[in-house]
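**Student:** These protein sequences, in sequence, are chains G and R. Letter by letter, the first sequence follows residues 1 to 309 in my numbering. Letter by letter, the second sequence follows residues 1 to 539 in my numbering.
Please note that a few of the clues may not be correct.
[Claimed, not checked] When the alpha-carbon atoms are kept at most 20 Å apart in a straight line, the in silico EDC-like pairs for lysine to aspartate or glutamate are as follows:
| hint | chain 1 | residue 1 | chain 2 | residue 2 |
| --- | --- | --- | --- | --- |
| 1 | G | Lys-158 | R | Asp-381 |
| 2 | R | Lys-367 | R | Asp-313 |
| 3 | R | Lys-222 | G | Asp-77 |
| 4 | R | Lys-208 | G | Glu-80 |
| 5 | R | Lys-379 | R | Glu-429 |
| 6 | G | Lys-158 | R | Asp-287 |
| 7 | R | Lys-315 | R | Asp-284 |
| 8 | R | Lys-405 | R | Glu-374 |
| 9 | R | Lys-473 | R | Asp-111 |
| 10 | R | Lys-353 | R | Glu-493 |
| 11 | R | Lys-331 | R | Asp-381 |
| 12 | R | Lys-222 | G | Glu-80 |
| 13 | R | Lys-292 | R | Asp-313 |
| 14 | G | Lys-158 | R | Glu-493 |
| 15 | R | Lys-524 | R | Asp-364 |
| 16 | R | Lys-93 | R | Asp-111 |
| 17 | R | Lys-25 | R | Asp-237 |
| 18 | R | Lys-208 | G | Asp-89 |
| 19 | R | Lys-222 | G | Asp-89 |
| 20 | R | Lys-331 | R | Glu-374 |
| 21 | R | Lys-306 | R | Glu-130 |
| 22 | R | Lys-369 | R | Asp-381 |
| 23 | G | Lys-158 | R | Asp-279 |
| 24 | R | Lys-174 | R | Glu-130 |
| 25 | R | Lys-405 | R | Asp-373 |
| 26 | R | Lys-71 | R | Glu-81 |
| 27 | R | Lys-71 | R | Asp-483 |
[As the list claims (entries may be wrong)] Short, incomplete list of chain R residues facing chain G, as computed with Cβ under 7 Å:
| hint | residue |
| --- | --- |
| 28 | Glu-38 |
| 29 | Ser-255 |
| 30 | Leu-261 |
| 31 | Asn-263 |
Hints listed in this document are in silico derivations from the structure and should not be mistaken for laboratory results. Remember, predicted model here, so these are calculated numbers, not experimental data. Using N, Cα and C, we set each Cβ at its ideal position, and we do this for glycine too.
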Amino acid sequence: MGTYIIRRLLQMIPVILGATFLIFTMVFALPGDPLAGKCGERPCPPAYAAEFRERYNLNDPLPVQYAKYVANLAQGDLGETSNGIPVLDQLKARYPVTAKLALMAIAFEAIIGIFVGVLTGIRKGGFLDNLVLISTLVVISIPVFVIGGVSQYFVGVKLGWFPVTVTSANPSFYELMLPAMVLGSLSLAYVSRLMRTSLVENLRADYLRTAVAKGLTRRRAVGLHALRNSMIPVITFIGFDFGALLGGAIVTEAIFNIPGIGGYLFRSIRARDGASVVGTVTVLVIVYLFVNLLVDLLYGLLDPRISHD
Amino acid sequence: MSAVALLAAGCGSGGSEPEATTEAKTGGEITVRGCNPENPLVPSNTTETCGGNVIDAVFSKLVHYNAETAKPEMEIAESIETTDNQNFTVKLKSGWKFHDGTDIKAKNFVDAWNYAAYGPNAQSSGYFMEPIEGFGDTQCAGTANPDDPCEGFTPKSETLSGLAVVDDTTFTIKTTEKVANLPVRLGYSAFAPLPDAFFADPAAFGDKPIGSGPYKLDSWTKEQSIELSKFADYAGDFGGKVDKISFKIYQDADSAYNDVLANNLDITDEIPASALIDDKYKTDLPDRNAQKETGVIQTVTVAPVKVDPDLADPKLRQAISMAIDRETIIKQIFNNTRVPATGWVSPVVDGYKADVCGEYCVYDAAKAKALYDEAGGFKGDKITLSYNADAAHKEWTEATCNSIKQALGVECVATGVVDFATFRTEIGERKMKGLFRTGWQMDYPSIENFLAPIFATGSSSNDGDYSNPAFDKLLTEAAAETDAAASNAKYQEAEALLTQDMPSIPMWYGKTTMGWSDKVTGVKITAFGTIDFSSVSVK
Numbered sequence: 001m002g003t004y005i006i007r008r009l010l011q012m013i014p015v016i017l018g019a020t021f022l023i024f025t026m027v028f029a030l031p032g033d034p035l036a037g038k039c040g041e042r043p044c045p046p047a048y049a050a051e052f053r054e055r056y057n058l059n060d061p062l063p064v065q066y067a068k069y070v071a072n073l074a075q076g077d078l079g080e081t082s083n084g085i086p087v088l089d090q091l092k093a094r095y096p097v098t099a100k101l102a103l104m105a106i107a108f109e110a111i112i113g114i115f116v117g118v119l120t121g122i123r124k125g126g127f128l129d130n131l132v133l134i135s136t137l138v139v140i141s142i143p144v145f146v147i148g149g150v151s152q153y154f155v156g157v158k159l160g161w162f163p164v165t166v167t168s169a170n171p172s173f174y175e176l177m178l179p180a181m182v183l184g185s186l187s188l189a190y191v192s193r194l195m196r197t198s199l200v201e202n203l204r205a206d207y208l209r210t211a212v213a214k215g216l217t218r219r220r221a222v223g224l225h226a227l228r229n230s231m232i233p234v235i236t237f238i239g240f241d242f243g244a245l246l247g248g249a250i251v252t253e254a255i256f257n258i259p260g261i262g263g264y265l266f267r268s269i270r271a272r273d274g275a276s277v278v279g280t281v282t283v284l285v286i287v288y289l290f291v292n293l294l295v296d297l298l299y300g301l302l303d304p305r306i307s308h309d
Numbered sequence: 001m002s003a004v005a006l007l008a009a010g011c012g013s014g015g016s017e018p019e020a021t022t023e024a025k026t027g028g029e030i031t032v033r034g035c036n037p038e039n040p041l042v043p044s045n046t047t048e049t050c051g052g053n054v055i056d057a058v059f060s061k062l063v064h065y066n067a068e069t070a071k072p073e074m075e076i077a078e079s080i081e082t083t084d085n086q087n088f089t090v091k092l093k094s095g096w097k098f099h100d101g102t103d104i105k106a107k108n109f110v111d112a113w114n115y116a117a118y119g120p121n122a123q124s125s126g127y128f129m130e131p132i133e134g135f136g137d138t139q140c141a142g143t144a145n146p147d148d149p150c151e152g153f154t155p156k157s158e159t160l161s162g163l164a165v166v167d168d169t170t171f172t173i174k175t176t177e178k179v180a181n182l183p184v185r186l187g188y189s190a191f192a193p194l195p196d197a198f199f200a201d202p203a204a205f206g207d208k209p210i211g212s213g214p215y216k217l218d219s220w221t222k223e224q225s226i227e228l229s230k231f232a233d234y235a236g237d238f239g240g241k242v243d244k245i246s247f248k249i250y251q252d253a254d255s256a257y258n259d260v261l262a263n264n265l266d267i268t269d270e271i272p273a274s275a276l277i278d279d280k281y282k283t284d285l286p287d288r289n290a291q292k293e294t295g296v297i298q299t300v301t302v303a304p305v306k307v308d309p310d311l312a313d314p315k316l317r318q319a320i321s322m323a324i325d326r327e328t329i330i331k332q333i334f335n336n337t338r339v340p341a342t343g344w345v346s347p348v349v350d351g352y353k354a355d356v357c358g359e360y361c362v363y364d365a366a367k368a369k370a371l372y373d374e375a376g377g378f379k380g381d382k383i384t385l386s387y388n389a390d391a392a393h394k395e396w397t398e399a400t401c402n403s404i405k406q407a408l409g410v411e412c413v414a415t416g417v418v419d420f421a422t423f424r425t426e427i428g429e430r431k432m433k434g435l436f437r438t439g440w441q442m443d444y445p446s447i448e449n450f451l452a453p454i455f456a457t458g459s460s461s462n463d464g465d466y467s468n469p470a471f472d473k474l475l476t477e478a479a480a481e482t483d484a485a486a487s488n489a490k491y492q493e494a495e496a497l498l499t500q501d502m503p504s505i506p507m508w509y510g511k512t513t514m515g516w517s518d519k520v521t522g523v524k525i526t527a528f529g530t531i532d533f534s535s536v537s538v539k
């Protein structure tokens with residue numbers, strides 16, 4: 001187990017380097033340049049443009065730019081955005097917000113999703129099962145900006161139950177509630193469907209029949225054996241989803257004006273702001289790798305047949 | 001009630017009493033939609049609106065543009081005098097202070113303008129100092145690096161020879177050529193005075209500017225908010241009523257709009273497209289919205305003749321202009337948030353004359369076709385109308401092309417260029433053929449600003465390489481006129497020449513729409529499309 005974790009951690013280094021280089025190349029390859037819009041509707045004067053290029057190493061060829069970037073990165077310096085704000089400061093201010101939102105969304109989708117999934121899985125074909133099947137289909141087919149916009153308008157503006165947008169740099173639980181539910185709703189549908197299918201399949205498995213035949217109550221058999229095994233795909237999905245949510249729910253963050261990573265990443269890509277994009281993505285890759293490792297370790301706990309040694 | 005008030009006022013018996021009840025309250029705090037400034041907040045280095053909105057409130061200039069009419073009114077200047085439009089004497093009012101308590105002196109202007117002009121300082125609005133004598137000597141002209149004229153080159157002079165401090169409250173400006181509207185230009189933010197503290201540490205200043213305006217900047221939390229509070233020692237006539245203004249930075253117009261609906265935000269200067277449809281904002285915010293024309297014009301420029309000779313014939317250009325159904329496009333695509341253009345100058349400026357473009361800017365398919373045939377038709381294979389695809393131009397350029405296609409029976413294609421930077425680069429390198437979209441937002445409210453920078457031979461924004469000696473001559477004459485009306489008449493004459501040559505096709509003038517919460521009152525839109533902070537108050 002210990003060697004497994006160390007091996008996985010060491011594997012992360014080339015992945016991080018490779019990912020940052022790829023992102024760097026891609027941002028570099030995008031047409032357009034970061035000077036667009038700096039001076040309003042007209043092109044920037046040459047002296048201004050020249051100083052800007054000099055300051056952000058835009059005159060160097062790509063490998064030199066990347067080398068300079070990695071050298072700074074090794075010292076913990078993530079560079080500056082094109083409007084002169086240290087990227088690190090931005091990430092420090094924004095990641096906690098996004099993490100909080102992601103955790104709330106995950107909690108929402110996991111608790112309700114698994115509960116609904118188990119309920120419908122046990123009573124397959126019943127009224128509740130059909131209801132959930134149809135309602136999750138509806139949720140999956142509606143784009144998130146529609147769910148977000150509509151819920152913001154009706155629950156926020158019209159009914160006034162929730163704040164319309166996030167207005168502070170450090171949003172409260174209550175402020176993030178509506179966006180978290182919007183964000184979690186889509187995955188909630190997936191989680192409950194995944195849970196249901198997985199459980200239904202396991203309920204038909206031989207080992208469960210054996211367990212019941214040996215005298216275990218059905219409740220215990222389902223709870224102890226079927227449920228644990230059925231959780232594996234669900235945990236995989238939730239783990240992946242957590243990584244994705246930390247990457248920023250671009251649309252949801254924009255709708256609710258959440259000062260998180262999503263909006264920042266989106267804006268940085270549009271502004272051709274290489275340093276911000278690469279910095280954000282680097283952190284993101286690391287988070288993904290750790291979540292992945294965690295999910296893999298959880299497999300072992302859920303199903304002892306999966307061993308890491 | 002108002003009738004009674006009018007009567008009372010008419011009789012001259014205590015008319016002030018009913019007025020007092022309607023007098024707006026002072027004090028209170030408001031929140032305003034903001035966006036993220038692109039550059040440090042230095043007046044001579046801010047040319048985009050996100051930073052500009054803040055700069056406007058924080059810095060006072062020699063003149064202030066009237067919020068309603070855009071006419072210049074004296075702010076820090078006591079007087080700006082000239083007899084020949086070339087030598088100007090500026091006298092300052094006394095008692096003005098910067099936010100750090102130091103007095104505003106003549107040298108604060110001269111120093112600031114010298115700093116803005118000096119090439120190696122790389123200020124984005126340094127070119128506003130161009131009319132001042134000696135500007136050329138402060139510029140970089142290095143040839144070592146084609147992208148950077150300042151590399152390995154030190155300009156001859158660090159200061160503009162045309163500026164001289166006479167005493168603490170007087171300085172003189174000498175321009176290279178005659179400039180009739182110089183006093184009008186001096187209200188632009190690039191001409192704001194800078195305190196000595198700026199020169200000690202320009203970088204720190206950019207984060208927390210020390211201005212001279214009615215509001216001072218308390219804090220700027222990057223990408224979050226900018227907080228302003230009333231400056232107690234503001235000595236001018238354009239102070240604000242509210243105590244605090246906080247710009248809340250939004251990424252998205254929709255969320256700001258929804259916050260206004262829920263009274264979480266007081267003013268938004270941008271109504272999202274979704275709320276403009278069928279004038280939804282008017283039902284959402286009854287009596288809490290306003291719309292006003294601003295000094296913005298959208299045009300379609302014809303590529304320079306030597307780049308694309310197919311469109312050289314003015315008759316052909318006039319026919320194309322006549323084939324565009326502006327009214328319908330504005331109605332269907334812009335929800336009536338534009339005004340069809342009838343010339344090249346925005347109606348908000350002094351000197352505007354209606355219908356300069358005449359019949360050529362009025363849709364008439366039959367006449368357009370007749371003129372098109374008279375011109376011998378289009379020789380090329382198809383007309384292209386290029387736009388930058390990173391903003392919302394696709395719909396209207398396609399509609400424009402369709403209109404041309406239907407009226408003239410010529411193939412017309414709207415062509416997207418990936419983004420604004422690429423688009424402008426192609427135009428700048430004279431590689432762009434056919435027609436392309438161009439927009440102009442005025443820097444200062446003068447008819448000259450809509451003509452000289454765009455159509456004078458060799459000027460900086462002359463994308464179509466328009467050159468007409470008669471036009472240039474009229475501009476020079478207009479700049480030399482000491483009488484404003486006579487000067488405007490000359491500019492109008494020059495504008496009329498554009499109708500003959502059609503270097504660009506006027507499309508429409510811009511409008512700004514705002515909405516506000518039920519907590520505030522007196523929201524007015526300036527001719528620049530910004531919020532007039534001197535009139536806003538909390539209910």
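**Student:** Hints first: check each against the structure and report whether it holds.
**Tutor:** Here's how the hints hold up against the structure:
1. G:Lys-158 / R:Asp-381: Not satisfied, since the Cα-Cα distance of roughly 55 Å exceeds 20 Å.
2. R:Lys-367 / R:Asp-313: holds (17 Å)
3. R:Lys-222 / G:Asp-77: holds (18 Å)
4. R:Lys-208 / G:Glu-80: holds (18 Å)
5. R:Lys-379 / R:Glu-429: violated (24 Å)
6. G:Lys-158 / R:Asp-287: At roughly 19 Å apart (the allowed maximum being 20 Å), Asp-287 (chain R) and Lys-158 (chain G) satisfy the hint.
7. R:Lys-315 / R:Asp-284: violated (47 Å)
8. R:Lys-405 / R:Glu-374: Holds, at roughly 17 Å.
9. R:Lys-473 / R:Asp-111: violated (34 Å)
10. R:Lys-353 / R:Glu-493: holds (10 Å)
11. R:Lys-331 / R:Asp-381: violated (31 Å)
12. R:Lys-222 / G:Glu-80: holds (13 Å)
13. R:Lys-292 / R:Asp-313: violated (36 Å)
14. G:Lys-158 / R:Glu-493: Violated - the C-alpha atoms of Glu-493 (chain R) and Lys-158 (chain G) are around 55 Å apart, more than 20 Å.
15. R:Lys-524 / R:Asp-364: violated (37 Å)
16. R:Lys-93 / R:Asp-111: holds (18 Å)
17. R:Lys-25 / R:Asp-237: OK: Lys-25 (chain R) and Asp-237 (chain R) at ~17 Å, within 20 Å.
18. R:Lys-208 / G:Asp-89: The given pair, whose Cα atoms are some 18 Å apart, holds under the 20 Å limit.
19. R:Lys-222 / G:Asp-89: OK: Lys-222 (chain R) and Asp-89 (chain G) at ~10 Å, within 20 Å.
20. R:Lys-331 / R:Glu-374: violated (31 Å)
21. R:Lys-306 / R:Glu-130: Distance of about 28 Å is beyond 20 Å: violated.
22. R:Lys-369 / R:Asp-381: holds (18 Å)
23. G:Lys-158 / R:Asp-279: Holds, at roughly 19 Å.
24. R:Lys-174 / R:Glu-130: Judged against 20 Å, a Cα distance of about 11 Å means the pair holds.
25. R:Lys-405 / R:Asp-373: The hint holds at about 14 Å.
26. R:Lys-71 / R:Glu-81: holds (17 Å)
27. R:Lys-71 / R:Asp-483: Holds: Lys-71 (chain R) and Asp-483 (chain R) sit about 16 Å apart, inside 20 Å.
28. Glu-38: holds (5 Å)
29. Ser-255: holds (4 Å)
30. Leu-261: Hint holds; Leu-261 (chain R) Cβ to chain G Cβ min 5 Å, cut 7 Å.
31. Asn-263: Violated: closest Cβ of chain G sits about 9 Å from Asn-263 (chain R), beyond 7 Å.
Consistency note: the structure conflicts with the earlier hints numbered 1, 5, 7, 9, 11, 13, 14, 15, 20, 21, 31.
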